[in-house]
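Undergrad: Chains as they are written, first to last, in our numbering: chain A, 1 to 119; chain B, 1 to 460.
Since the hints were made in silico from the structure, they are not lab data. There's no promise every hint is true.
[Stated by the list, open to error] Stretches of chain B that chain A covers, calculated by requiring three or more beta carbons in the stretch to come under 8 Å of a beta carbon on chain A:
hint: 1; stretch: 31-41
hint: 2; stretch: 162-175
hint: 3; stretch: 178-191
hint: 4; stretch: 201-210
hint: 5; stretch: 230-243
[Claimed, not checked] Over the 10 Å line for every Cβ pair with chain B, so calculated as not near, a few chain A residues:
hint: 6; residue: 18
hint: 7; residue: 87
hint: 8; residue: 88
hint: 9; residue: 93
Ideal Cβ placement from N, Cα and C applies to all residues, glycine included.
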Amino acid sequence: MPSCSNIVIWEPIPANSRFCAQASGTSTDFLVGVRIVGADGSDTQFRNGDLVPGPAHRSLTSQQYATRITLTPGASAPTVTMNAWIEDSTGSRIFECTWSASAAVTAVRVTVITVPASA
Amino acid sequence: MRVRIVLCTFLLLCAAIAGAQQQQPPCVPSDTIEQCWQRYNPPLAMATAAAASAVNAEVATANTGMPAMTLPTGSSLKDFLSLFNAAVQTATVTENDEAVTLDWNVPFNVFGDDKIKFQAIFTEATLSADVKTELGSNTAATTTLTDSLTETDDIQASASYAPQNAYFGRSIRQHGDLLAALIESATGDDEKRELQLLAQTSFAGVTTEAKLQDLAPGVATQIESSARAEQQIAARNQDVLKAFATLLGNQPQIYGTVVYHYRNRLAGPSDLSAKFSYEASGNSLNRFLRRNRERCSSAAIAQQANGLDVSTTCVGALSAYAKQIAGDMNAGGSNRLAVSFEYKRSDANRFSLTEPAAITVNTPGSHSLVYTIAYGVPMSTTVDNREGRFDFAVNYEDVSNDPMKTDRLIASVTYSQKLTDTVTLPLSLVYANHADYLPATDRRVGVHFGLNYKLPDPTP
Chain A
1 MPSCSNIVIW
11 EPIPANSRFC
21 AQASGTSTDF
31 LVGVRIVGAD
41 GSDTQFRNGD
51 LVPGPAHRSL
61 TSQQYATRIT
71 LTPGASAPTV
81 TMNAWIEDST
91 GSRIFECTWS
101 ASAAVTAVRV
111 TVITVPASA
Chain B
1 MRVRIVLCTF
11 LLLCAAIAGA
21 QQQQPPCVPS
31 DTIEQCWQRY
41 NPPLAMATAA
51 AASAVNAEVA
61 TANTGMPAMT
71 LPTGSSLKDF
81 LSLFNAAVQT
91 ATVTENDEAV
101 TLDWNVPFNV
111 FGDDKIKFQA
121 IFTEATLSAD
131 VKTELGSNTA
141 ATTTLTDSLT
151 ETDDIQASAS
161 YAPQNAYFGR
171 SIRQHGDLLA
181 ALIESATGDD
191 EKRELQLLAQ
201 TSFAGVTTEA
211 KLQDLAPGVA
221 TQIESSARAE
231 QQIAARNQDV
241 LKAFATLLGN
251 QPQIYGTVVY
261 HYRNRLAGPS
271 DLSAKFSYEA
281 SGNSLNRFLR
291 RNRERCSSAA
301 IAQQANGLDV
311 STTCVGALSA
321 YAKQIAGDMN
331 AGGSNRLAVS
341 FEYKRSDANR
351 FSLTEPAAIT
361 VNTPGSHSLV
371 YTIAYGVPMS
381 TTVDNREGRF
391 DFAVNYEDVS
401 NDPMKTDRLI
411 ASVTYSQKLT
421 DTVTLPLSLV
431 YANHADYLPA
441 TDRRVGVHFG
451 LNYKLPDPTP
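Hey, can you work out the whole structure from these sequences and the hints?
TA: Structural data, given as structure tokens:
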């Protein structure tokens, strides 16, 4: 699982793919979030309840999406890890990244842009 | 004169604007998408380090003093969040001589995110007062028996259970919904708008390594605009987190502890005790929410689009309150009171020796109640994350059923200074009206100093 930058472009995304994410931490003292916004304004949000242990997933239609991922370790400064990937229609992972955060009460924010194959 | 003032103000304003612009150079055509983005939003490692140094007095990095649950120099703020603590303490005058404390917090998820703290304290064993009395002036026997004691002859092992929920404990996890609502209130629709604009910008055939000068017209402009917007949203997000963390660090803690204190019979009787403790600070999240019930309900926060308005919104009031506490730290903004009540049962200690001296010890078992009150005062410093703290504690042990033993009073004041993020240096002054299990009055004062180390997260 490669560790990625805080700005990522995944392209091309085949039809009937889905965005998946799951999070874990060295303790439960953390907050994580994923917000997927489509070009049409559709807005999907996942939080701890969906992502831990996860995975949470959202089907992607043939439009471009921008996703904001946040990792916020709590007071105990646990190492929080978020793994996000794109699954194609066969369930294969075609794009994948992992991000970590460990500074207490400090949000790490990542932006992922997914571009459909037809765009 | 008035013209000069206006001119000076204008020049200062220009200088400020120029300075601000200098700090934030705009993207240049030769930048890649990633480089442009990171001009406004530094890469993860840099962002983490920079933000961590900015959050200088939050719960995670707070100086929690000495971890010992049962020593008189223990802090009024117990840390149930760090994975592992180790502390060593020594004394210049005998009270509790050298002591090593190992402290381990283990998740106990039966009722949620609760924690169990396991702690072991290894104290340098010394001959009990009863044995010393029996030996009298026989210094050779005293030396022989003292030398026979090892580091494992005086051990206190304890387990403490601390519930973590919306009302007790300093874990952020319990407040996820409230915090998310506050952040949404502070950022309004800006995040969604920024993401939607990015989603509407065509990135077909583009990677983050593409240079801005090679992108289609408008794309480069949108990337820089989104990067700038993200920087502002992230800053607002972090401001809310910081304010929230200030109040979260003041949340009350409640915990029950069972302690088994093993002693070699030469060092005294072993005992078993049960202890109930409560810690509270005046400026907690609970208190803030109680005072702002109307504007901080879930429904009310959802309606507060302009979250930064101090007078009407929850997040505005939160930020103002947190700033007031942080600015008021030396005036008691985060002071903490801890009280505990302990029932202790000491075993009988009966034995006879013929070598190196003929002695007989016949100490009956006893029961006692121990009352403790402690008050902690964090001290702010000009250096980030290097705050100190004073802890004042008074223990009173009421031995009610043994006329051979008298009640015992221990008072201590401890100053702990953070040296690094993980290392704290404590210095204590301890007064006891007599030694443990010594009937006669024998007032003594001890000076303790040591080192406390919080183990960093072991995950690579």
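Undergrad: Which hints, by number, does the structure contradict?
TA: none
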